[in-house]
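Colleague: Line order of the protein sequences matches chains A and B.
Count along the first sequence starting at 1, add 25, and that's the number in our numbering.
Count along the second sequence starting at 1, add 25, and that's the number in our numbering.
A hint or two may mislead.
Said to hold, decoys possible - Derived lysine-lysine pairs resembling DSS-like cross-links, with alpha carbons at most 30 Å apart:
1. A:Lys84 x B:Lys105
2. B:Lys84 x A:Lys103
3. A:Lys233 x A:Lys309
4. A:Lys201 x B:Lys91
5. A:Lys246 x A:Lys105
6. A:Lys84 x B:Lys201
7. A:Lys91 x B:Lys84
Claimed, not checked - Simulated coverage check for chain A against chain B, where a stretch passes if three residues somewhere in it have a Cβ under 8 Å from a Cβ of chain B:
8. 79-90
9. 135-144
10. 158-172
11. 241-255
12. 412-426
13. 464-472
14. 480-488
These are calculated hints, taken from the structure and not from any lab test.
What you are looking at is a predicted structure, and each value in this text was computed from that prediction instead of being measured.
The beta-carbon is built from N, C-alpha and C at its ideal position, and this holds for glycine as well.
Number of protein chains: 2
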Amino acid sequence: MGCLDEGRFNVEVENVVSIGCACKKSCVEEEANTASIEDAVKVLLLGLGEDVNREGLRKTPLRVAKALREGTRGYRQKVKDIVQGALFPEAGLDNRVGLAGGAGGLVIVRDLDLFSYCESCLLPFQVKCHVGYVPSGQRVVGLSKLSRVTDVFAKRLQEPQRLADEVCSALHQGIKPAGVAIILQCSHIHFRDIESVFLDSNHQGWTKILVSSGSGVFENKSADIWADFFSLLKFRGIDKEKIHFRGSSDQCWCSSQSSLSAKASSKIEVVNPAMVTAVASILKSLGEDPLRKELAGTPSRFVKWLMNFQNSNLDMRLNGFLCNGMNSSNTNGKVNLNDKKLCSELNLPFWSQCEHHLLPFHGVVHIGYLISEGFNPIGKSLLQSVVHFYGFKLQVQERLTRQIAETITPLLGGDVIVVVEASHTCMISRGIEKFGSNTATIATLGRFSTDTSARTMFLQSIPSDTSSAGGQ
Amino acid sequence: MGCLDEGRFNVEVENVVSIGCACKKSCVEEEANTASIEDAVKVLLLGLGEDVNREGLRKTPLRVAKALREGTRGYRQKVKDIVQGALFPEAGLDNRVGLAGGAGGLVIVRDLDLFSYCESCLLPFQVKCHVGYVPSGQRVVGLSKLSRVTDVFAKRLQEPQRLADEVCSALHQGIKPAGVAIILQCSHIHFRDIESVFLDSNHQGWTKILVSSGSGVFENKSADIWADFFSLLKFRGIDKEKIHFRGSSDQCWCSSQSSLSAKASSKIEVVNPAMVTAVASILKSLGEDPLRKELAGTPSRFVKWLMNFQNSNLDMRLNGFLCNGMNSSNTNGKVNLNDKKLCSELNLPFWSQCEHHLLPFHGVVHIGYLISEGFNPIGKSLLQSVVHFYGFKLQVQERLTRQIAETITPLLGGDVIVVVEASHTCMISRGIEKFGSNTATIATLGRFSTDTSARTMFLQSIPSDTSSAGGQ
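Next comes chain A alone, as it looks inside the complex (with noise of 0.2 Å):
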């Protein structure tokens, strides 16, 4: 399987700054790197339009740059390190006998939660990662460095298989064990553009993949030890049939390359070289190659990204929907509260870029509104149309919730409940890495401000299913 290649595992380990010493050296370099790195956020910032000097901007920059150097922080750690302090002895069974303990004992540790970034879009990937080993030669491994060594891959610029592969070989040669056993599943944003959003109402927020590297004895597909392995995964939901065996399509999974290819015959998109220079710097600064063939169109498919959060990208194409919406609206003032009825669009889904990180974060809008007896529910599309008009914008989820409640209560008579729901890529990248946490904001307007009653009818009708934006 091209896991146990020797060369590139030395390379991964020996090349790298070494940990505890030449400290002043890296700490020069850190900030060296980091200052670049904000050089070029400020360059993407006004590409897309923004004053840099904003409050909520002003600082971007360095989160950015700090977010990026924790999260790509691998390409400065040693497998070596972290494995040899704590390989133990460990008896094992005589092997007529059995398989156990330090010979032969099948050892998993399961949903491991990781994220990486994707090496041809630069959005950052959720990974549960479950690994396995069988011991030899009398010793163990300590438990937590398959976390720690399956994290040093991780955080690096990464392709699912890759990352298998990497983190297979790895502990492969630290442990030298009879075999490892590597699953992923992998979860990333799937978003082509704008048009694509607004055309698929049943958009699907993620793209997921199963990868599965082995090494040793874990080294053909169809050894009997894959089979413990399985009956111990399947409590976990994997389907071993649907495992993404390298070669198999091949086709990236990032919907960023889809996107390329699917329109590079009918038009061609103009990009900001200056913001696709400052991106390949960044690159560079990370500890990358930006040469690297996977790499090379990552800084255009990134700025293509990025450009859908243009400041007033979609303010001209949605003007006049929005005024022909509001002149055909059916409020009209003042009702008796007795006699309004509460309608819902729930689970409207957006999409919007953290204006503090530059990092997505997704999720879904209900919309609740009073209105009399006798008057039609306004239309589901106008309402959605307003929540991409918001979402498509360098945002922070607070104001989102508030711009809509804002647009929509004319529309919708005055008595208004707006619930923002999302999953926050800021809040599992960086050092936070809380991977199951999610937001919800709340506007009320209108009898909706003052009335608890009302407003429980409506939070309660919000199903808890489709609450969590959440990849896994």
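Please arrange chain B on chain A, whose structure you already have, making use of the hints.
Modeller: Just chain B now, kept in the frame of chain A:
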């Protein structure tokens, strides 16, 4: 609710070593504290009858010291530094129109996974934290800061209600919002003593508690705003009625306390005074006051817990039992494999203590074996005793698995499979924090080490819903 006590907040915020300055001084202090904890841990290991120079324990004092320092880093962190760089101006609505954005629009971050250390017994406990606040003054806080601040207080010796109050108070002082609401779902290992584990076969592995704290508009428990908060949290399975209110029982949730009081009258336990002094010195090295009321009994409670895992603690008690078990065994050598049937005992609970970090791991053992037609299966209680026999030691999971298999195989005819599934506290505390992760190990003897279909038949009989011993 007392959580707005400014005096205490200022103590929390000011009386800590500031980060980034006085670096050299704090480095020297750090090293002295770590060395002092190492010395104390050596005293504990000697008190357990262990050889501190054996390979698996040689670096345990250093590992424990590092883990404890890391796990209590909150004593050395400043809330002010975290929050004040991340307050952003954000428009609200005219409050005659409604509540949203930077004025009145409720913001909730759900499902933050944390861990903390129980001040009563020094074991880590898990926390699922939900934070809400109502912005005022046209400003909001960066969402990730809600997570960072909760973490500052979680990384101290705590008790659930105090943790909730301190986080609430710190956020209120830091953000100056209209109000802050905190809900914590806490899970603590429930373990009284070896006897209670032996006597109660339905022994629950976890004590759970739900606590809340509120300031400002949340200060009144029956305020309408709590209804909104709970409406959004109901999706997380939280039942408002089950929240523990201060004073309603005021019994400590930690089972180490109920153990002490229940036994005080019947039996006076002798606790090694050198070990108790060692634990008190650890508390001091972590920056705590060992004389603080809540900590007064902690050293002796921790030593009592630890002594359950004393080397050869159970040996004399169980050796006779095991010999009897062996003599009464029904196995009688080789039988035609086709005549054999699969017997299994699933979900035998165990408790153990990781010898690398002196932290508990516990979970379940599944045992399968083949017996000839006409013979009766071995009694469950014997197998459970063997499991406890090897669990109540300083252990690693791989060795536990092997030892159980080695011991029972002569009783069970030689065709034996043992699967151990466990949650390791050392995987959630320390720097790892892989909350959902858990570990499986296997030993196979006789036919199970060569016959894949026999293995698979057994492995697939393990129910998935009890496979994890996780606390949440």
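Colleague: Now look at each hint and say whether the structure bears it out.
Modeller: For each hint, the structure was consulted:
no., hint, result
1, A:Lys84 x B:Lys105, "holds (18 Å)"
2, B:Lys84 x A:Lys103, "holds (20 Å)"
3, A:Lys233 x A:Lys309, "holds (29 Å)"
4, A:Lys201 x B:Lys91, "holds (27 Å)"
5, A:Lys246 x A:Lys105, "holds (27 Å)"
6, A:Lys84 x B:Lys201, "holds (22 Å)"
7, A:Lys91 x B:Lys84, "violated (33 Å)"
8, 79-90, "holds (count 3)"
9, 135-144, "holds (count 4)"
10, 158-172, "holds (count 6)"
11, 241-255, "holds (count 3)"
12, 412-426, "holds (count 5)"
13, 464-472, "holds (count 8)"
14, 480-488, "holds (count 5)"
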